[in-house]
Amino acid sequence: DAGITQSPRHKVTETGTPVTLRCHQTENHRYMYWYRQDPGHGLRLIHYSYGVKDTDKGEVSDGYSVSRSKTEDFLLTLESATSSQTSVYFCAISDLNGNYGYTFGSGTRLTVV
Amino acid sequence: EDKVVQSPLSLVVHEGDTVTLNCSYEVTNFRSLLWYKQEKKAPTFLFMLTSSGIEKKSGRLSSILDKKELFSILNITATQTGDSAVYLCAVYTNAGKSTFGDGTTLTVKP
Numbered sequence: 035d036a037g038i039t040q041s042p043r044h045k046v047t048e049t050g051t052p053v054t055l056r057c058h059q060t061e062n063h064r065y066m067y068w069y070r071q072d073p074g075h076g077l078r079l080i081h082y083s084y085g086v087k088d089t090d091k092g093e094v095s096d097g098y099s100v101s102r103s104k105t106e107d108f109l110l111t112l113e114s115a116t117s118s119q120t121s122v123y124f125c126a127i128s129d130l131n132g133n134y135g136y137t138f139g140s141g142t143r144l145t146v147v
Numbered sequence: 010e011d012k013v014v015q016s017p018l019s020l021v022v023h024e025g026d027t028v029t030l031n032c033s034y035e036v037t038n039f040r041s042l043l044w045y046k047q048e049k050k051a052p053t054f055l056f057m058l059t060s061s062g063i064e065k066k067s068g069r070l071s072s073i074l075d076k077k078e079l080f081s082i083l084n085i086t087a088t089q090t091g092d093s094a095v096y097l098c099a100v101y102t103n104a105g106k107s108t109f110g111d112g113t114t115l116t117v118k119p
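Line order of the protein sequences matches chains R and G.
Mapped onto the working numbering, the consecutive letters of the first sequence carry residue numbers 35 to 147.
Mapped onto the working numbering, the consecutive letters of the second sequence carry residue numbers 10 to 119.
Just so you know, these hints were derived from the structure itself, not from any lab.
In this text, a Cβ means the ideal position worked out from N, Cα and C, and glycines have one as well.
You may find that some hints are simply not true.
[As the list claims (entries may be wrong)] If you anchor each label on the Cβ, the simulated ranges turn out as follows:
| no. | chain 1 | residue 1 | chain 2 | residue 2 | range |
| --- | --- | --- | --- | --- | --- |
| 1 | G | 75 | R | 50 | 42 to 52 Å |
| 2 | G | 53 | R | 105 | 20 to 30 Å |
| 3 | G | 91 | R | 103 | 19 to 29 Å |
| 4 | R | 140 | G | 91 | 16 to 26 Å |
| 5 | R | 116 | G | 14 | 24 to 34 Å |
[Said to hold, decoys possible] Stretch-level coverage of chain R by chain G, calculated; a stretch enters the list once three of its residues show a Cβ under 8 Å from a Cβ in chain G:
| no. | stretch |
| --- | --- |
| 6 | 48–58 |
| 7 | 77–89 |
In isolation and in its complexed conformation, chain R is listed as follows (with noise of 0.2 Å):
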């Protein structure tokens, strides 16, 4: 999607390795997400940041770990892969009143064995 991007796509990682996910935005929109999005469960989110420095947990937080040193980047670490990670991640970002719903990056299929 245009002005949002997401890396790697794909990865296969192994149990016990970390994992980090990149979101990169070109907007300057304050908000930015983690989801997660699991076959019956919808879309759960993991964690978001209302600002540079400034973030907080979501309902599926465990394991999860996230940074943002810059307005433009949210990244999200697996600290120690498990295999209940094994998920697509989806990360979003919305303006200060998300008047426009917020835009989600294209996703990342995360595999772990």
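With chain R fixed as given, assemble chain G onto it according to the hints.
Just chain G now, kept in the frame of chain R:
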């Protein structure tokens, strides 16, 4: 705990039919309700609703919110095969968080 429930979970119709998708919610500090369409990839924004009783419309799609009864509906008239997708409802709070429903999978047959 915030909760969003969508119904039905899946729906199969034929082209030209009209469908109504439902979304009910229980959240603290409601700010807005959004509808998204998700095909094979990322969700795309359809509507944002913040006030009761004001219909939002875009072509054959329309949506309305009832903040008293805590629900919203998404209507699609004269359905087409291109409307086949998962439709997601999400509620956003003043705390900046969001809760998504599990989605309604709509299949439109020719």
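To see whether the hints hold, each was checked on the structure:
Checked against the hint of 42 to 52 Å, the C-beta distance between residue 75 (chain G) and residue 50 (chain R) comes to roughly 49 Å, which is consistent with it. A hinted range of 20 to 30 Å for the beta carbons of residue 53 (chain G) and residue 105 (chain R) is consistent with their spacing of about 24 Å. A beta carbon spacing of about 41 Å between residue 91 (chain G) and residue 103 (chain R) contradicts the range 19 to 29 Å that was offered as a hint. Checked against the hint of 16 to 26 Å, the pair residue 140 (chain R) and residue 91 (chain G) passes, with Cβ atoms roughly 20 Å apart.
A hinted range of 24 to 34 Å holds for the C-beta pair residue 116 (chain R) and residue 14 (chain G), which are about 29 Å apart. A count of 0 residues in the stretch 48–58 of chain R with a Cβ less than 8 Å from any Cβ of chain G is obtained; the coverage claim is therefore unmet, three being the minimum. Counting residues of the stretch 77–89 of chain R whose C-beta lies closer than 8 Å to any C-beta of chain G gives 5; at least three are required, and the coverage claim holds.
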